[in-house]
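Chain by chain, the residues run as shown.
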Amino acid sequence: MVPDIDLQLRVVLKALRDVVAPAIDPANRLAVEQLHLSIATLGMVQARLPLAGARVRAELANAIALAEAAGGAGFGSLVAAAKAALDDPRCNADALEAQKTQLLAAVSGLVEDAPDGDSADVLARAIVSASRPQFDLIRAWCLSAGFEPDPEEVPALETLLSGASA
Amino acid sequence: MNATPAVQGDVLAAPTVAFIEAIRSRYPVEREIDRVLSRKMQRRAGPGYSALPLDALAEGTRHLIRAEIGDDFTLGNARWLHGGASKLQMAFDLDWRGPEGGQRRITPMVLRMEPPEAIVETSRRREFEMLQLMRGIVPVPPCYWVDAEGRFLPHPALIYGFADGVGKPSARPSQQVTGIGTNFGPGLRRALADDFVSHLAAIHTVAPARLATLTEFDPAQVGTNAGIIRQINWWRRVWEEDRPEDIPLVNVAYRWLIANAPPLDHVSVVHGDFRAGNFLFSEEEQRITAWLDWELAVLGDRHQDLSWATGRHFGHYAEDGQQFLACGLLPEEELFRRYEVASGLSVDPKRLAYFRVFNDFMSTVHMLATAGRVAHHGKTHQDIVVAWLAMIGNVIVGKLRDTLEEVL
Chain A
1 MVPDIDLQLR VVLKALRDVV APAIDPANRL AVEQLHLSIA TLGMVQARLP LAGARVRAEL
61 ANAIALAEAA GGAGFGSLVA AAKAALDDPR CNADALEAQK TQLLAAVSGL VEDAPDGDSA
121 DVLARAIVSA SRPQFDLIRA WCLSAGFEPD PEEVPALETL LSGASA
Chain B
1001 MNATPAVQGD VLAAPTVAFI EAIRSRYPVE REIDRVLSRK MQRRAGPGYS ALPLDALAEG
1061 TRHLIRAEIG DDFTLGNARW LHGGASKLQM AFDLDWRGPE GGQRRITPMV LRMEPPEAIV
1121 ETSRRREFEM LQLMRGIVPV PPCYWVDAEG RFLPHPALIY GFADGVGKPS ARPSQQVTGI
1181 GTNFGPGLRR ALADDFVSHL AAIHTVAPAR LATLTEFDPA QVGTNAGIIR QINWWRRVWE
1241 EDRPEDIPLV NVAYRWLIAN APPLDHVSVV HGDFRAGNFL FSEEEQRITA WLDWELAVLG
1301 DRHQDLSWAT GRHFGHYAED GQQFLACGLL PEEELFRRYE VASGLSVDPK RLAYFRVFND
1361 FMSTVHMLAT AGRVAHHGKT HQDIVVAWLA MIGNVIVGKL RDTLEEVL
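First to last, the protein sequences are chains A and B. Position one of the first sequence corresponds to residue 1 (this note's numbering), numbered consecutively onward. Position one of the second sequence corresponds to residue 1001 (this note's numbering), numbered consecutively onward.
Just chain A, with the same shape it has in the complex (with noise of 0.2 Å):
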């Protein structure tokens, strides 16, 4: 038998929550809250871990809207593959990052090269104005971190997420 993920994680918090956090010396602080946050990020990890293909699926998807956002003569063989990847079922998440990775990597270039002027101007406010989503998705992804002072103006991963299936 192949033990189930989420029971794992489930065990695993259990036993760190039950068991291990009682038994730690209060007067170590280090050790109190290196274990408070081990479980919360394996909490995070377990809510999150049957979304990881959409994110991934995501991520690409709004990296392709960057760059045909931001234009780039020559982007278009680049955003031809990343688009073939995306909707090719055969291709892992490796891959599926390695062609997000390229079309970033194209965009940042694009914007160091450009020459001072009007069009520089209107390439940074479309790599504003298409950076939105991309942000969206990360900080709803990691909303239950806290870190959040208004949580409330973050859209839905959910909704983030739906359109790209895992």
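It should be emphasised that the hints constitute simulated quantities derived from the structure, not laboratory data. Every clue listed holds true.
Here are some, though not all, of the chain A residues that point toward chain B, as calculated from beta-carbon distances under 8 Å: (1) Gln34; (2) Ala105; (3) Arg125.
Output of the computed footprint for chain A on chain B, the stretches with three or more beta carbons under 8 Å from beta carbons of chain A: (4) 1234-1248; (5) 1251-1257; (6) 1312-1320; (7) 1391-1398.
For every residue, glycine included, the Cβ atom is placed at its ideal position computed from N, Cα and C.
Once you have looked at the hints, place chain B on chain A.
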């Protein structure tokens, strides 16, 4: 320039001399910052952090102290000290005759040592020098000795006096890791706000003659923007050294910051991380007892601190749910009004907006580049804290985007 390929192959895991030199020449920074960043990259491929026995750290500390004052001392009661996200800290008691060689006494002290790489790579020389400068200006712990190159200890370190006080109110324990969003409660809030404002004003108005004594800081000059451009290049260089993948918005922010860098109108010491969580206070006396973490201090524009202290992620709403409190202490408008009175310096909304972009740019680099990088290579004693903190970078880069949308 062409952005470095994202996964980087991974050239950033084992950078060559040529790679380091190319980055150095592309992004000129202050001399001492250049030294510590170059050192970081030269050691990048070296080992990660491995657990240090407390006894070994105490022994290294004895070597450092012996080199400074000889054998007439006893170090005891060594224990780990909790707090902070970047440095290892060990508390101990030193039985000695004091810096003047007088009566025997026991002085509680703290060793603050870098891990192999930290969430912010900074200079112990600068921190030591700034702590010395601030004595008598605002409450700071006395700083005794520095091991700038890690001659006596595994990594660069300094030793300062143990400061009394707490970082969080005991009745309102925060679950966050660094005092972010600390709620002091209505009673304590008012008293601490008084010190918060007056100390910020005092830091920003140190006399030029005293600033001129600093040797580890490149000077800043009124009328030019060279100082802030050096700082922008500092964090752009770190982005180049540490990022796991490109974020084109960071490139946009960099260009905007360079193009809009304001000339300095007054040279201030900028603390660089002036916020709740970086001061200790006495709950009984309701006053700030020590300002800590001077590692990001620079000579520059006061609006950097003012903008930082009013960052959304450091504050929270008051009990009425309406009024937002900067650092959980006082409303932003009140902070600026009282600061102007206390310092005699103006608060310029345009410069505040500029430094909001700068601070979010810098924090994005810390959290979305360096935090992940050091955790990935296992370089710290608390990788899990660093990796957790990295998630605040998502909030900050979102705010950076929002601000850029307003100013572009």
